[in-house]
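Here the structure of chain B is known, so what remains is to put chain V in place on it, guided by the hints.
Protein chains: 2
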Amino acid sequence: MKELERLFFPKTVALVGASPDGAKLGGIVLRNLLSLKGRVFPVNPRYDEILGLHSFPSAGSLPEPVDLSIIMRPAAEVPGILAELRGKTHFALIVSAGFAETGAAGLQSEIVRIASEAGVRLVGPNCLGVYNPFHRLDTMFLPHESMKRPKRGNVAVVSQSGAMMICLLDAIRVANTGVSRAVNYGNAADLDAPEVYEYLADDDGTAVVVSYLESVSDGRRFLEAARFLSRRKPLLVLKAGKGEGGSAAAFSHTGRLAGNYGVFRSLLAHYGIREVAGFDELLDAAKAVSYQRPAPGTRVCIITNGGGSGVLAADECARHGLQLAGLPEDVRQALKNTFPSFYTVANPVDLTGQVRDDDYREALFALRDHFDGFVVIALTGVAGVTLRLGDHLREFRETVRKPLVVHIAQGGVAPRLIPLVEKAGIPVYPSPERAVRGLAALLESEGNHG
Amino acid sequence: MKELERLFFPKTVALVGASPDGAKLGGIVLRNLLSLKGRVFPVNPRYDEILGLHSFPSAGSLPEPVDLSIIMRPAAEVPGILAELRGKTHFALIVSAGFAETGAAGLQSEIVRIASEAGVRLVGPNCLGVYNPFHRLDTMFLPHESMKRPKRGNVAVVSQSGAMMICLLDAIRVANTGVSRAVNYGNAADLDAPEVYEYLADDDGTAVVVSYLESVSDGRRFLEAARFLSRRKPLLVLKAGKGEGGSAAAFSHTGRLAGNYGVFRSLLAHYGIREVAGFDELLDAAKAVSYQRPAPGTRVCIITNGGGSGVLAADECARHGLQLAGLPEDVRQALKNTFPSFYTVANPVDLTGQVRDDDYREALFALRDHFDGFVVIALTGVAGVTLRLGDHLREFRETVRKPLVVHIAQGGVAPRLIPLVEKAGIPVYPSPERAVRGLAALLESEGNHG
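In the order they appear, the protein sequences are chains B and V.
FYI, in our numbering the residues of the first sequence are 1 to 450.
FYI, in our numbering the residues of the second sequence are 1 to 450.
Do not take every clue at face value.
For chains that are exact copies, the list does not tell them apart, and a pair is met inside one copy or across any two.
Stated by the list, open to error - Below, in silico cross-link-like pairs of lysine-lysine (BS3-like), each with a Cα-Cα straight-line distance of 30 Å or less:
| no. | residue 1 | residue 2 |
| --- | --- | --- |
| 1 | Lys2 | Lys336 |
| 2 | Lys24 | Lys336 |
| 3 | Lys233 | Lys151 |
| 4 | Lys11 | Lys151 |
| 5 | Lys402 | Lys2 |
| 6 | Lys2 | Lys88 |
| 7 | Lys148 | Lys423 |
| 8 | Lys336 | Lys402 |
| 9 | Lys336 | Lys88 |
| 10 | Lys402 | Lys148 |
| 11 | Lys423 | Lys151 |
| 12 | Lys2 | Lys423 |
It should be emphasised that the hints constitute simulated quantities derived from the structure, not laboratory data.
Here chain B stands alone, though its shape is the one from the complex (with noise of 0.2 Å):
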């Protein structure tokens, strides 16, 4: 069994903070845990008994070695809790803030030294943990009715910020795709991406991971783990800390040297890695890389009904290095004697406010053999737009197995279409510019070797 497995698959989870108040977070987690496919044992020397599970007065008095427990005590008690681990854990994730990040740097090395000696695999310190919707684990201290978890998918996040691992997590619920595995290592005293990013280029509950990084310990270590898993499958990569105050932050954040982006950068080029640019682009390309796979080519053809919708959903091609090829000339004379004269045929293809939504169909088969990936945009606001959109664009995805993104504005049957859509494996986007971005994470353009 691969060791993080048993992180990620806990048999057996103790919990050092436990609470029976549904306001502490030692209770949320507590709370939280309580569907966990496993046991669970609870410790605070004041109770015997918290909701229903024995209570347990100290780590060291645990009864049985368990694979993994969470530490929710302040900093200073966290060398003796480890020390008391010795025997009892094999992984020990602690919550805890107060330690690297705040430029408590002894008090960090101390829990390595102490794990270390122990034999103790640490997560964290300084994080929310592991979110594994098949095992019921679920180590976040927030309580699901502030915050909703996704369903089931197969989307893993991982992140050195748990933040962004909430805001990733909650991303993935709205864009109705779901989540594999999800881990917060914050300040990654021993568990850091690399090794997370092993497990799951095997793992085969995930086909796509996204990762939120603002600093590597080991470069070339990182970098490695990186090109062995985006070689199975699709990794999107946020890097964060990029600028001179933004690496400062990253600094205050997790206690670690964010390092130089652009050479950072040049290497994830080099090994093929596709990084996005931010955080709103990682959602775009993580929702397209989710509901699709990716496909080889760069020939991106666009059809709109909104003249301006297409020029920004060109321009967005030309910044992702995607080429808007024209018709082939005995299409375009087939689609011009088929449209109304005031129809634009060329890429984009212009259908105008006055489109029938089987004009989509047409241009869409006219022109499956041409390009490499499509741009749908739709401005449902007009008379012409109705659900059979959605039809239509199933059809096309079942039987032309190519990139296919869409985007639909505000108005009319958007409502009713979008989910519509979705459901086909198509997904959706608030702006032609968005749609692009999802487009380019599914193409293999210059620079997106993913």
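Below, chain V without anything else, positioned relative to chain B:
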């Protein structure tokens, strides 16, 4: 009276191509015109009366000269209609497509010549026309059921593209700001952006102008008018059709050459006109300037309860030339003494997941005099963020009139907190990067002389 006052506040409007059928474009526009603060003359030879209004058989048979005639007949009929309108209308707004944008440049030249000889000013062709909620003027051929209109407000929209006008109006509606005037001038055979800019510069109802364009016919005229306007109120310009593919798309969209974007861009900068990079950024900037007035300075303070969100905001500041200056030492010490030791008192100020909402107030007021603008980030999944934060932000905004933008992540009290904060005149954004883009539009940094 300014000439364009007759376009935005017409006392009399003729609709050539009016229809009783609410499914036809001429029927939709007639219905929208029924609430006009003015008189409406339908023109259609097949009816004596439409929707209770007397219908005239031809443009030439209008009983009196009108301020505005809207033409919704096929392109081939337009020259004849314009000839009939001699002496009968001040403006002719040609909704019909099928002119230069589809290659029919000759037909477009013809209508320009006829209109010029007849002393008729043209809007369009190939456009949606005008929206002025203060005059209940609405020439857009989209029914209210499929396109909700924004409320009255202080943002004007000037768009070459009809689709973009719709998207901008919808975004303004969703952002809960409102519109003063909007115009889509399409192929710009006569009326073009510069003339509208000059009108809006003096229009007391308009505080901010958002403009989407793909091409300009007279670069010097455009730049002079844009500078004139932007010295009086914020003008945000999005130029689409940037790359080769994009400018070809722009050409087939409105039949005008998009020109060299690099040259255009440096001219904008030289003239001190604020350009935004894309559609999403235009929306973010427009939201900010519709809520708050721009102010001088580039020193930004970020106050967050999520470290990673703070780092991403810091990165985005760097992209916009905004500085994350350090905290004055005495203030830093005072805050360190106030806050728990695991908070990070730097810039960003990281109040961590254990924040209480009073901490935001504490930090904001301690730092009020030391920065030009503020970004507050609240991840609302944690227990310490409540609706009280809304009160604190309102109090800060009311007493310290400096630019303040907020990123609130979904979860917890977010759905109730967001409207509370926006009601206090503080724009809320769904990501740290977008919040900073909003702030960048409010601060006058290098390259932002708006």
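How the hints compare with the structure:
In this assembly of identical chains, Lys2 and Lys336 lie within 30 Å of each other by CA distance neither inside one copy nor across copies; the values are 59 Å within and 43 Å between. Taking CA atoms no more than 30 Å apart as the test, Lys24 paired with Lys336 passes between copies only; the shortest distance there is 24 Å, against 67 Å inside one copy. Proximity of Lys233 to Lys151 under the C-alpha cut-off of 30 Å is restricted to the intra-copy arrangement: shortest distance 21 Å within a copy versus 47 Å between copies. In this assembly of identical chains, the alpha carbons of Lys11 and Lys151 lie at most 30 Å apart only when taken from the same copy (22 Å versus 57 Å across copies).
When the C-alpha separation of Lys402 and Lys2 is checked against a cutoff of 30 Å, the pair qualifies neither within a copy, at 35 Å, nor between copies, at 54 Å. Taking CA atoms no more than 30 Å apart as the test, Lys2 paired with Lys88 passes inside one copy only; the shortest distance there is 19 Å, against 84 Å between copies. When the C-alpha separation of Lys148 and Lys423 is checked against a cutoff of 30 Å, the pair qualifies both within a copy, at 21 Å, and between copies, at 26 Å. Proximity of Lys336 and Lys402 under a CA criterion of 30 Å is satisfied intra-copy only: 24 Å inside one chain copy versus 56 Å between copies.
For the identical chains of this complex, Lys336 and Lys88 are neighbours neither inside a copy (74 Å) nor across copies (37 Å), given an alpha-carbon limit of 30 Å. Taking identical chains as interchangeable, the C-alpha atoms of Lys402 and Lys148 are never at most 30 Å apart, the minima being 33 Å within one chain and 35 Å between chains. In this homomeric assembly, Lys423 and Lys151 come within 30 Å of each other (Cα to Cα) only inside a single copy, at 15 Å, whereas the closest approach across copies is 34 Å. In the homo-oligomer, the alpha carbons of Lys2 and Lys423 never lie at most 30 Å apart, since the shortest distance is 35 Å inside one protomer and 53 Å across protomers.
Consistency note: the structure conflicts with the earlier hints numbered 1, 5, 9, 10 and 12.
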